[in-house]
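So you can see what is in the structure, the chains are spelled out below.
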Amino acid sequence: MKAVLLAAGRSQRMQPVPDKNFLMFLGKPLVVHQIEQLINAGFRDIIIVGGAHNLNSLKALTKSFNFKKAKLSFAEQKNLDDGMAGAIISLKNKIIDHEPVIFVSSNDVVDGKAFDLMKKACSDKKNGSCILAKRVIKYFPGGYLKTNKQGFIQKIIEKPAEGKEPSDLVNIVIHCHKNPKKLIEVLEKTKTTKDDRYEVALDKLIKAGHKLKAVEFDGFWQPVKYPWHVFKVMQFFLKNIKKKISIKAEISKRAVINGNVIIENGVKIYDNAVINGPSYIGQNTIIATSALVRDSMINENCVIGFATEIARSYLGNNVWTHTNYIGDSIISDNCSFGSGTVTGNLRLDEGDISVNIRGQKVNSGMNKFGLITGENIRAGINTSFMPGVKIGSNSMIGAGIIIPYDIPENSFVIGKVDLEIKPNKAKVSNGSREEMMKKLK
Amino acid sequence: MKAVLLAAGRSQRMQPVPDKNFLMFLGKPLVVHQIEQLINAGFRDIIIVGGAHNLNSLKALTKSFNFKKAKLSFAEQKNLDDGMAGAIISLKNKIIDHEPVIFVSSNDVVDGKAFDLMKKACSDKKNGSCILAKRVIKYFPGGYLKTNKQGFIQKIIEKPAEGKEPSDLVNIVIHCHKNPKKLIEVLEKTKTTKDDRYEVALDKLIKAGHKLKAVEFDGFWQPVKYPWHVFKVMQFFLKNIKKKISIKAEISKRAVINGNVIIENGVKIYDNAVINGPSYIGQNTIIATSALVRDSMINENCVIGFATEIARSYLGNNVWTHTNYIGDSIISDNCSFGSGTVTGNLRLDEGDISVNIRGQKVNSGMNKFGLITGENIRAGINTSFMPGVKIGSNSMIGAGIIIPYDIPENSFVIGKVDLEIKPNKAKVSNGSREEMMKKLK
Amino acid sequence: MKAVLLAAGRSQRMQPVPDKNFLMFLGKPLVVHQIEQLINAGFRDIIIVGGAHNLNSLKALTKSFNFKKAKLSFAEQKNLDDGMAGAIISLKNKIIDHEPVIFVSSNDVVDGKAFDLMKKACSDKKNGSCILAKRVIKYFPGGYLKTNKQGFIQKIIEKPAEGKEPSDLVNIVIHCHKNPKKLIEVLEKTKTTKDDRYEVALDKLIKAGHKLKAVEFDGFWQPVKYPWHVFKVMQFFLKNIKKKISIKAEISKRAVINGNVIIENGVKIYDNAVINGPSYIGQNTIIATSALVRDSMINENCVIGFATEIARSYLGNNVWTHTNYIGDSIISDNCSFGSGTVTGNLRLDEGDISVNIRGQKVNSGMNKFGLITGENIRAGINTSFMPGVKIGSNSMIGAGIIIPYDIPENSFVIGKVDLEIKPNKAKVSNGSREEMMKKLK
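Heads up: the sequence lines are chains A, B and C, in that order. For the working numbering, count along the first sequence from 1 and bump the result up by 55. For the working numbering, count along the second sequence from 1 and bump the result up by 55. For the working numbering, count along the third sequence from 1 and bump the result up by 55.
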C-alpha cells in the first residue's frame, strides 16, 4: 500500500510560527517524525505532497535524513487553495488503479496505533475506503461523520457550526482508499464554492454505493492548526521519553536533573541549574547558572541564561535568554531576550486566553498562555509581553515597555521616553548604609 | 478573677490589612494567642467583647479551637465609637459586684510575664485597681500616667501632644478592677466629647479616693495600631521559635534551611531554595526552586515561586509569588504577583518611610518598608510598588507600571501604552552571535 | 636613573569615572601599581607630578602605602593644559644635568617587561633618548613614529587623522631622556597652538642630530583614556591572578568558586552564590544567596544581593546591588541599585556601542557594553539603563524607567506616572487557583 503524506499546507493560522512540518521535536522535524511513523507502520512507498513554498525544503530535509527502509517521492500541489482535493488530484499520474493508498495529513499527529487500526480495517473486504475517526467531548472545528450501526459513513459534514454537529465523531485525515483512481475521477468532476470539495466527492461515492468505513480510534490525536497546538504535540513527545544524558554533555556536579530529561551532545549545564522532566535539551545548548527548565523542549544552540525560568515552553534553535521568565510560550529560531524581560502567561482575572488568528480572537482554551514569536526576534531588557501576544518574524522590541497586542513582522518597537530631570536636593546619610550593613552581618 | 478580652476594635488604621484579631502568627490567629496567654496565666472565665462586624467570626473561630481549660463567653459592644468605656458598659449584666475583672485589649501584645505582675499587684490589698504601665523612650500616641512616689496614679492624660507628655509612663490596656460594678456606675455618669470617657471616669475614681496602682512592666509590649506594627508582632513571635520541621514536609536535599525555622505539614521545598531563620512556613506552602525566604512569616497554601525573595515580610494564606522581591511587606490572603514585580522598600534618600493613614502621612519610623495589601490582590508582571504604598482589597494592578500612591479597594489599574512601531531597518549579523557563543564556552 | 611618573591628567574623557590614578585594581589604586612597577624595575628615586586637583591625594595615598625601597618626591604641574611639556618643565629645578630620567605616564598600563627593554636600550651608548613604541593593527588616536632602518626616529606625528598614519608604530609614554636639561631648554623655546609641544620639541632635537631610538615592545599596553579602557586594565590584572581565598573570609559550603578567584579578608559568601574566575572580591564584601559573579572585579564593602549577576564588570567600593544584572559596566564608589534594575549591554542590532565623550559619540569598539556611573548614585527598582549610558555623580534615578541617554551629575530623575484607575469588574474564580495548585504538586 502506498502512503501519501499531505504536507502542502501553508500554516497560515500558525503564524508567526513557521511551517509546522519543520518544527523540531526531540531533535527532529515534525515531518520526519511523520515519515518515520509511516515507515514503522510498514509503508515502503511514500509520496510527499508539498507546495511551491516548501517542496524544495521538504526534499532537502528528507534527503539529509536518508531514510533507507522506504522509497520517498514527491509531488507538487499547484493550487494550494484547493485543499485535500487539490493534493490528491496532483497525484493523478503517480497512482495506479486498484492499488490502495493511505492519505495522511502532516497536520494530524496521532499515536502509532492508528496505523495498525487502519491497516486492519483496510484488509477487511467489506470496507471500500476507511476513514480514521475519533469521538470528541468538546466541539472541534473539523469534519463530522454520520454513520450507521455497522460504522459505515452515511454523510460527511465539513465544519458544522458549534451545536450543529451531526455526531460526536470527527474525521482524522488518515484515509485509506482502495480505488484511488475512481476517487480522483469523482474529485475532478466535483465543484464546490467552499473548501469541502473532497468531502462532497466522498459523499458522492457513498451515494454511488461505495462503502466508507469510520475506523474508530481512541488514542492520542492532535491536529496542528493553531499555535497552541504546538504545546499539545510537545507534551505528546515528552510524555514518552526516558532519561537519557549524552556522555558528550558537560554537566556541573551542582546542577540538578529531576525526572525524564533528554540531554543531547555538546550540552553544557552550569552550577545550580535545575531541569525538571519531562524536558528535552537539544545539541550544544547551554543551561546557565541557576536557570530552571521545566516541562519544556529547548532545541539546539540555545543559551538559557542566568536565573532564567523556562516553563512549559517550546524553544526553537538558537534562542538566547537572560534572567527571563518564559512560560507557556512558543519561541521560534534565532530569538533573544534581554535581562528582566518576562512573558505574562496568566490574565489578572485568570480567564482563558484568546489569540488573534487572522483577524479573529480565538479562545485557546488555556488560562496559562504566554508569548508566540516568529524567527529572528530581538527583545530588550525589562520588557513585558502580555499573555497570548504574537510577535512577527524579524522584529525588534525595545526595553522597558509593555507589549499588549500583536506586533507585525519586520517591526521596530520602542516606548516613548519622558523623563523629568531635576537638580538633586536629596542627601543620603552615610550612617544609614552602615546600619544596614550591620543588620546584614 | 474574670478576664475580659476587648476585641471590638475595627482596625481602621490598619486598613487594608483586615481585622487584626484574625491575623495569623505561627499558624494561629492573634486573638487565639491572646486567649491562650490568658489561659496560661490562669484565667478560667474569659469574656470576649466583639462588635457586629466580627462577633460571629470570633465565636466561630474560638469554637473551632475548642479551648478546654477555660469557659469562654461573648458580649457585643453596640456603640463602637464609645471605645473602651462602651466595651465595659456592654458587660453590665455579666459582671458580679466585688468580683475582680482584668480587662485586656486584644490590640496590645505583651510578654506573658505581664500577667504574673498584674496578678501579684492585684492580690495586694493596698491597690484598688491596677494598670499595667511601661516607660517609653520615644513619644507614643497613647495614655500617659502621672504617679506619686508610691506608684499610685494621680492623673491619666489621654494622647497628649508630642512634647506635652506628663511623664514617660504609658498605659497598657491590661487593667484590673476589683470593683467593676462601681466602675460601670461611674462610666455611665461620665460624658465626654472626646474618645477619653474611660480615662475621665478613672480620674473621677481617683479623685474619689480610689487607689489606682501603676504596675511597671519592662517586657515586650507592642500595640497593633498601624500596619507596620505587624512586623513587630511577627518578630516577637519569631524570636522565640525553635527549629521544627514537620516529617510531613517534602524537602529537597538541595534546599538549605539555616537557623530557627518552623516548617509545617505538607510544605514542599524545592531544589536550591534557601530559608534563613527565624522564619515560619505554614501548612501546604511551596517554596519553589531557588527561592529565598528570610526573617519572614509565610502562612498556609502559599506558593513562593522560582527565584523569589521574601525578606522580613508577613504573608497571609494563599499568596502566590513568582520571581519577585517582597521586602518589608505585609501581604494579606489570596494575593498574586506576576514575574518581575518588585516591592520597593527603601527611598532613594534612605529616609524614614511614611504611610498614608486615614488621610494623614504617618512616619513609620522605618527606613525599610515595602508594600501593604488587602486581600484578593492580583498584580501583573514587572510592576514596581513604591515604599509604604497600600493596595485595597480586591484590586487588580496591571503589568509594567509604577504604583507611587495608595490604590483604593476594588480598583483595576493599568498604565497607558504608547508604543512607536516603525519598519525595522536594523540587521543583526549572524557572526556576532557566534562570537558571543565562543566567549561563553 | 630617576623615574618621573606623570599623573597630573584630569581624566576628563573618563568622566564620570573619577581620577583614574585612584581606581582600585586587586585592592590597590592604579597609581600604586605603577609605582610598584617602577620599584620592581629598579628605580629608587621617583618623582610624581600631580596637579592642584590631585596632588594632595597622591601624597596622602602614597604615604599610606609607605614604599620603603624608593624615595618618592612630588612636583606640581601648574598649567594642566600644557600636557606632557608642562609636566616636564615643572621639574626644571629637580633635574640634574646629564642624569638620565625616564618619564612614565600613569595613563599607560604596560607589562613590566617594558622597563627591562627600556633600561637595556638606554644603556646602549648609540641611543640618545629612547621611546617605547608598539606596532598597532587598528588606528589608535596617539603619536606615530617614523623611523629609519636602524630604528631611529625621523619624525613624530601627534594624532594624525585615521588613514593618515605615517607608520604602524605608536608612541607609548615611557620615554628615557639622557639629557633632560637640554630637553627642558628646547621645550621652553617651543611654542605650538596644538597640544603637541613635547612632540615638536623632540622633532627639533632630532633635527639637531639627537639620536631618538624607538624601542619596540610587543607586550601588553593599554592607555587609560576612555571609560571602557578600565575593562582592559581590569582584564590585564585579572589574567595573572592565582586562586587565593583569605582564611578570614566566611564562605558557605553551598557556594561555588570556579577558577582563579581572589577573596579578601572579611568577605562573606552565602549559599548558592557562584563566582567564576578570573574575579576579585575585595575586603568585607558580601556575595549574597544565589548571586553570580563572573570575570569581574568587585572592590571593598560591596553587597552583591540575592540573585544578582555581575558579569565582566568593574565595581568600586561600597556598591550595593539587589536582584540586578550588571554586565560590562563600570560602577564607581557608593552606588546602589534597586531590585530588578538592569544594565542593558547589547544593542538590539548587536552593533558596536558608542559613548558620548565630551559631546562626541566615540565608538567603544565593543558590542557588549553596559553602564558607566560616577560616585554616590542611587537607582530605584525595575529601571533599565541603555548600553553605554553614563550617570554623573550624586544623581538619583527613580524606579521603573528607561535611561536612554547620559544623566548629568547631581540630577534627580523620575518618570511620569499616568495610571488609569477604574472600578474592578473582573472576578477571579477560586477554582482556577486550586487547579493550578494541583498542577504544581
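These are computed hints drawn from the structure, not numbers from a lab. Even for Gly, the Cβ is constructed at its ideal location relative to N, Cα and C. It is possible that part of the hints are untrue.
Said to hold, decoys possible - Chain C is nowhere near these chain B residues, computed Cβ spacing over 12 Å in every case:
#1 80
#2 171
#3 363
#4 404
#5 449
#6 460
#7 464
Stated by the list, open to error - DEER-style ranges, computed between Cβ atoms:
#8 460/A <-> 489/C: 53 to 63 Å
#9 114/C <-> 219/B: 35 to 45 Å
#10 294/B <-> 475/C: 19 to 29 Å
#11 460/A <-> 413/C: 40 to 50 Å
#12 107/A <-> 308/B: 30 to 40 Å
#13 475/C <-> 308/B: 25 to 35 Å
#14 415/B <-> 414/A: 22 to 32 Å
#15 219/C <-> 494/B: 31 to 41 Å
**OP:** Just double-check residue 460/B for me: nearest Cβ-Cβ distance to chain C has to come out over 12 Å.
**Re:** At about 8 Å from chain C, residue 460/B fails to clear the 12 Å cut-off, so the statement is violated.
**OP:** State, for the Cβ atoms of residue 219/C and residue 494/B, whether the hinted interval 31 to 41 Å holds or is violated.
**Re:** holds (34 Å)
**OP:** Confirm or reject the statement that residue 404/B sits farther than 12 Å, beta carbon to beta carbon, from all of chain C.
**Re:** Non-interface label on residue 404/B violated, nearest chain C Cβ at 7 Å vs cutoff 12 Å.
Original post:
Using the C-beta atoms of residue 460/A and residue 413/C, is the stated range 40 to 50 Å upheld?
Top reply: Given about 42 Å between the Cβ atoms, the range holds.
Subject >> Beyond 12 Å from each Cβ of chain C, as asserted for residue 449/B >> reply: About 6 Å separates residue 449/B from the closest Cβ of chain C, which leaves it inside 12 Å; violated.
Subject >> Satisfaction of the hinted span 30 to 40 Å by the C-beta atoms belonging to residue 107/A and residue 308/B >> reply: violated (57 Å)
Original post:
Does the claim that residue 464/B lies off the interface hold, with its Cβ farther than 12 Å from every Cβ of chain C?
Top reply: About 9 Å separates residue 464/B from the closest Cβ of chain C, which leaves it inside 12 Å; violated.
Subject >> Cβ separation check - residue 80/B to all of chain C, threshold 12 Å >> reply: holds (24 Å)
**OP:** Mind checking the hinted window 19 to 29 Å against the Cβ distance between residue 294/B and residue 475/C?
**Re:** violated (44 Å)
Original post:
Quick one: are residue 475/C and residue 308/B within 25 to 35 Å, going by C-beta?
Top reply: Violated - the Cβ-Cβ distance for residue 475/C and residue 308/B, about 48 Å, lies outside 25 to 35 Å.
Original post:
Does 35 to 45 Å hold as the CB distance between residue 114/C and residue 219/B, or does it fail?
Top reply: For residue 219/B against residue 114/C, whose Cβ atoms are near 56 Å apart, the range 35 to 45 Å is violated.
Subject >> Non-interface claim for residue 171/B versus chain C (Cβ beyond 12 Å) >> reply: Its Cβ never comes within 12 Å of chain C, the nearest being 41 Å, so this holds.
In this structure, the earlier hints numbered 3, 4, 5, 6, 7, 8, 9, 10, 12, 13, 14 are contradicted, and the remaining ones agree with it.
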